[in-house]
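Knowing the structure of chain A, use the given hints to seat chains B, C and D on it.
The lines below spell out each chain.
Protein chains: 4
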Amino acid sequence: MDATDAQTACFEAGIKFGTLYHQFAGTPVSPDSADSLARAMEEAIENQPYCESVTVDVLVEELEAELADSAADYTELTGRFVEVEMTIDYEGTEVRTRMDMQDGYPLMRVEDVSPDA
Amino acid sequence: MDATDAQTACFEAGIKFGTLYHQFAGTPVSPDSADSLARAMEEAIENQPYCESVTVDVLVEELEAELADSAADYTELTGRFVEVEMTIDYEGTEVRTRMDMQDGYPLMRVEDVSPDA
Amino acid sequence: MDATDAQTACFEAGIKFGTLYHQFAGTPVSPDSADSLARAMEEAIENQPYCESVTVDVLVEELEAELADSAADYTELTGRFVEVEMTIDYEGTEVRTRMDMQDGYPLMRVEDVSPDA
Amino acid sequence: MDATDAQTACFEAGIKFGTLYHQFAGTPVSPDSADSLARAMEEAIENQPYCESVTVDVLVEELEAELADSAADYTELTGRFVEVEMTIDYEGTEVRTRMDMQDGYPLMRVEDVSPDA
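Chains as they are written, first to last, in the working numbering: chain A, 1 to 117; chain B, 1001 to 1117; chain C, 2001 to 2117; chain D, 3001 to 3117.
The following block holds chain A by itself, in its conformation from the complex:
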């Protein structure tokens, strides 16, 4: 069957998460550059169709803990260091999504689907 609007909204939400993660994973990041990276990630993804809002937290405390055990003063961005909230609106269906660490894995998930009343 053809996808419903709500299913398409979820598909679009997934595209944004895959984009965000795999475009920016591997970026050199430090506590000092965490903010500029978070802003760039938000604004880059908000360009994409149906994307209402993106909030990215690069977790400075997690970065600091990682770097305390390291000779380097920066590391590479990976899921351990970032939390994301994103809202997609496709033809009136709003999808709220989230990524954070669950059991050692950066879990992307749909939190709420709100079909048009």
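Any given hint might turn out to be false.
[Stated by the list, open to error] Example chain B residues on the side facing chain C (calculated, C-beta under 10 Å, incomplete): (1) 1026; (2) 1028; (3) 1077; (4) 1104.
What the hints contain is simulated information worked out from the structure, not anything from laboratory work. Even glycine gets a Cβ: it sits at the ideal position worked out from N, Cα and C.
Frame of chain A, contents of chains B, C and D only:
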């Protein structure tokens, strides 16, 4: 509301497309390296959860046409040079998806959602 | 033979250029998000060893020209839309480098090598 | 001063390393997909100018050790899982380079510069 299995299947399909595109866009590619890149893209994405199969065509004729007008003998991978088919299975819901060029834009879309009978 | 300090400085400069280009190529970008992307690129690369300074211009006029012919209001970052200047200092050897479009190709090059006096 | 041919050769070698690492870091990888990814990395980088040869080993034993502690059956490519050798030839200067783990960090380095006899 919580996502249905079919909505989650579509979300998972979107993640794979965003991953595939933004992990590999920008890769140096030529007619000679098109095949190894296509195989690596397929096998990389098939690692991801719920991903049944991925077929990637890197379009050698499009690459050749681009390079005929160029001093270089390679270019960067972008949506003009690739077609993708992907099948996701989440808890018995099968989602078939596709990406190819539509109106000058690499359009990712859901072609079919088959809830469990 | 082992690399001289000046040769190593040039090697390090090359690493930064390859990083900058291939980390960020493919990022969704629009005139509105050009600035945040440029800042993130600069600060990300400045994290890397021996990197004194990075200046990134995302070329808003080139983006606007591209989008004037397009149904979309964003595009993907590629070499046509960015100019970069970078200074590397390795053990007292300073290397100045630049990337901009030359003959339709984003040319990365060493402009000056200044061994310690 | 302008760069010598040997300095330019080292700059070109650095570009290839930055490209290889930041294009492919983050790719979903498993023991089963290690080979196709390694081949794609080699052939992609060999497209670039002055690149004579690239050898990529994706370290299956390291992947297996990582996954033994994980609920997942794949991970993301990072420097821990890859060793690279690369030879650049620029105007008769041959540069041999290598990347492997040193002190917990994927170290890219020039091993030999052989100016034309």
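Status of each hint after checking the structure:
1. Checking residue 1026 of chain B against chain C by beta carbon gives a least distance of about 4 Å; that is within 10 Å, so the hint holds.
2. The interface hint given for residue 1028 of chain B is met, as the beta carbon of that residue sits about 9 Å from the closest beta carbon of chain C, less than 10 Å.
3. At a threshold of 10 Å, the smallest CB-CB gap from residue 1077 of chain B to chain C is about 9 Å, leaving the interface hint in force.
4. A least Cβ separation of about 7 Å between residue 1104 of chain B and chain C falls short of the 10 Å threshold, and the interface hint therefore holds.
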